[in-house]
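Visitor: Sequence:
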Amino acid sequence: MAVQRMDNVAIVVDDLEAAVAFYSELGLEVEGRASIEGAVADETVGLEGVRTDIAMMRMPDGHGRLELTVYHHPAAVSSQPPSLPPNTLGLHRVMFAVDDIEDTIARLRPHGAELLGRVADYEGIYRLCYLRGPAGIIVALAEQIG
Numbered sequence: 001m002a003v004q005r006m007d008n009v010a011i012v013v014d015d016l017e018a019a020v021a022f023y024s025e026l027g028l029e030v031e032g033r034a035s036i037e038g039a040v041a042d043e044t045v046g047l048e049g050v051r052t053d054i055a056m057m058r059m060p061d062g063h064g065r066l067e068l069t070v071y072h073h074p075a076a077v078s079s080q081p082p083s084l085p086p087n088t089l090g091l092h093r094v095m096f097a098v099d100d101i102e103d104t105i106a107r108l109r110p111h112g113a114e115l116l117g118r119v120a121d122y123e124g125i126y127r128l129c130y131l132r133g134p135a136g137i138i139v140a141l142a143e144q145i146g
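Okay, so the sequence shown: first residue is 1 according to full-length UniProt numbering, each after it adds one.
Treat the hints with caution; some may be incorrect.
What the hints assert, rightly or not - Simulated restraints on C-beta separations:
(1) D99 with V40: 32 to 42 Å
(2) D61 with I125: 31 to 41 Å
(3) S24 with H72: 20 to 30 Å
Bear in mind the hints are in silico, worked out from the structure with no lab data behind them. Positions of the beta carbon are idealized from the N, C-alpha and C atoms, including for glycine.
Please model the complete structure; the sequences and the hints are all you need to start from.
Guide: What follows is the structure in structure tokens.
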């Protein structure tokens, strides 16, 4: 049996509405929202008394989603400060292909995006950059230019 697809990547955030606004500005669409709690949630994640709200964000092409999650109980814990560098072990980043990298950066800045370095040219094929997004997640952008 083989994997059928990657369904979604979950990001735990402390401000669900701000995260939805950030990823909406990037071009993702809210597919649905739900409050999650009960025995199945507890069993699935291995915690007791789970109460969360989620927003499922769909990619513009319909293939792939981000699940933005805010934990009401038990409270979310920070395993690392949001300023750790891109070479930290663990989930590294989420990358999105965009059609205009400068415009995308400009639209995300009012939503708290911070450019980590600068926009770089990769062999005349891509323009690339890393931003710090909601919950300290690194969001990479790639614009194909060649």
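Visitor: Give a verdict on every hint.
Guide: Hint check:
At roughly 40 Å, the beta-carbon separation of D99 and V40 lies within the given 32 to 42 Å, and the hint holds. In this structure the supplied range 31 to 41 Å is violated for D61 paired with I125, their Cβ-Cβ distance being about 21 Å. Against the hinted window of 20 to 30 Å, the Cβ-Cβ separation of S24 and H72 comes to about 22 Å, which satisfies the hint.
Consistency with the previously given hints fails for number 2 only.
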